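Chemist: Spelled out from the first residue to the last, the chains are:
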Amino acid sequence: MRRFYAILIAAALVYMLISFISTVPSYGKADLKERVSDAFLSKSVNAQNAKAWLEGKAIHRQPAKEIYGKKVKEEGSANVVTSIVVNYRSFDTLGEVTVLFTAALGVSLILGGSRRKQYGREANFVLKTSTGILVPLIIMFGAYIFVHGHLTPGGGFPGGTIIAMASLLLYLSDEKFFLSKASTGALEGSMGGTYVIIGLLGLAIGGYFLYNFLPNGVVGNLVSAGIVPLVYVAIGLKVGAELSGLVTDLHSEKEG
Amino acid sequence: MMNYLIILAGAMMIIAAVFAVEAKKILDAVIAMSVVSLVSVFLFIAMRAPDVAITEASVGAGLVTAVFLVSLFKMKGGDEQ
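Residue numbers (the numbering used here), protein chains in the order written: chain A, 2 to 257; chain B, 11 to 91.
Calculated from the structure, these hints are not laboratory results. This one's a predicted model, so the numbers in the text were calculated from it and none came from an experiment. For every residue, glycine included, the Cβ atom is placed at its ideal position computed from N, Cα and C. Please note: incorrect hints may appear among the correct ones.
Restraint ranges, calculated between C-beta atoms of paired labels, are given here [unchecked claim]:
no., chain 1, residue 1, chain 2, residue 2, range
1, A, P137, B, Y14, 38 to 44 Å
2, B, G20, A, M2, 38 to 44 Å
3, A, T130, B, P60, 46 to 52 Å
4, B, K84, A, S23, 37 to 43 Å
5, A, M141, B, Y14, 20 to 26 Å
6, B, L82, A, R4, 37 to 43 Å
7, A, I206, B, Y14, 36 to 42 Å
8, A, P137, B, K86, 31 to 37 Å
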């Protein structure tokens with residue numbers, strides 16, 4: 002009976018995965034006019050019949066702006082969420098990074114140690130072999146997510162978390178693997194410092210903290226949106242090092 | 011079709027959440043919580059919020075579950091079943 006329920010739940014999950022993914026429009030084919038956010042982005046919410054819009058009835062709308070390949074004056078990132086999170090509200094993101102740092106510091110103070118905890122059991126052969134294949138791919142995928150944070154969904158935080166999952170896989174598969182505190186701490190500290198230095202450069206050049214002082218470029222290019230890719234690379238490496246350090250703390254023990 | 015799928019996903023989330031509260035073993039509760047996160051990822055995709063879906067998939071379904079499991083095995087003194 003238990004197996005029957007397990008098969009039922011697994012089948013429901015797979016069915017939902019396939020059916021939900023198939024509703025996503027294919028790359029570059031998204032109809033921006035269908036998006037609710039389009040009305041907000043064109044900043045013409047008040048011009049429309051708000052009541053009919055909320056009820057989901059068809060209403061007259063402006064044609065969606067074609068932004069790819071154009072130079073947008075204000076912010077150059079193709080992903081709208083990124084332009085809010087790292088451009089308009091970048092100071093909030095700095096605070097968020099600080100919150101994550103404080104949480105990791107607390108875990109490190111309580112659980113941290115200088116030695117790898119030995120469980121005294123050998124990892125499965127399948128796990129060991131597949132780890133060797135999967136870890137480079139996972140790290141590459143995480144790096145892709147934070148490097149392309151201004152073009153596609155994603156960004157520094159999920160990219161860093163995916164990199165930390167790679168280090169978790171290494172910890173699970175190898176009893177001797179141990180990341181030294183010096184390496185993760187150095188990467189984390191230097192990248193956090195880079196974020197603040199970029200902000201201070203904006204203060205020096207543009208007059209505001211975290212001012213976007215680089216040229217915006219063409220929307221859709223990898224090098225565009227000014228400081229946003231730099232900030233996202235810094236955040237991605239910082240979060241990746243931080244959460245790898247957290248996983249290290251969970252797998253370590255104190256001397257003696 | 012889409013409404014039916016969303017109702018199915020919401021029902022699975024509620025069932026998994028109730029199971030997470032009522033489960034006898036903590037391990038089952040942790041697995042049920044990760045199921046809640048996983049199904050909410052599908053809901054975020056259906057609501058066209060891919061940024062939130064990616065973050066929820068990596069943090070909610072991945073790292074939080076891993077941290078819970080590791081700390082659960084640490085509490086038991088390292089012996090797992």
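Chemist: The structure should be examined with respect to each hint, and the outcome stated for every one.
Modeler: Hints versus structure:
For the pair P137 (chain A) and Y14 (chain B), the supplied restraint of 38 to 44 Å holds, since their beta-carbon distance comes to about 41 Å. For the pair G20 (chain B) and M2 (chain A), the beta carbons lie near 25 Å from each other, so the given range of 38 to 44 Å is not met. Our hint of 46 to 52 Å for T130 (chain A) and P60 (chain B) is violated, since their Cβ atoms are close to 32 Å apart. For K84 (chain B) and S23 (chain A), the hinted distance range of 37 to 43 Å is satisfied, since their beta carbons lie about 41 Å from each other.
For M141 (chain A) and Y14 (chain B), the hinted distance range of 20 to 26 Å is not satisfied, since their beta carbons lie about 38 Å from each other. Against the hinted window of 37 to 43 Å, the Cβ-Cβ separation of L82 (chain B) and R4 (chain A) comes to about 24 Å, which falls outside the hint. At roughly 54 Å, the beta carbons of I206 (chain A) and Y14 (chain B) sit outside the given window of 36 to 42 Å. For the pair P137 (chain A) and K86 (chain B), the beta carbons lie near 33 Å from each other, so the given range of 31 to 37 Å is met.
In this structure, the hints that do not hold are numbers 2, 3, 5, 6 and 7, in rising order.
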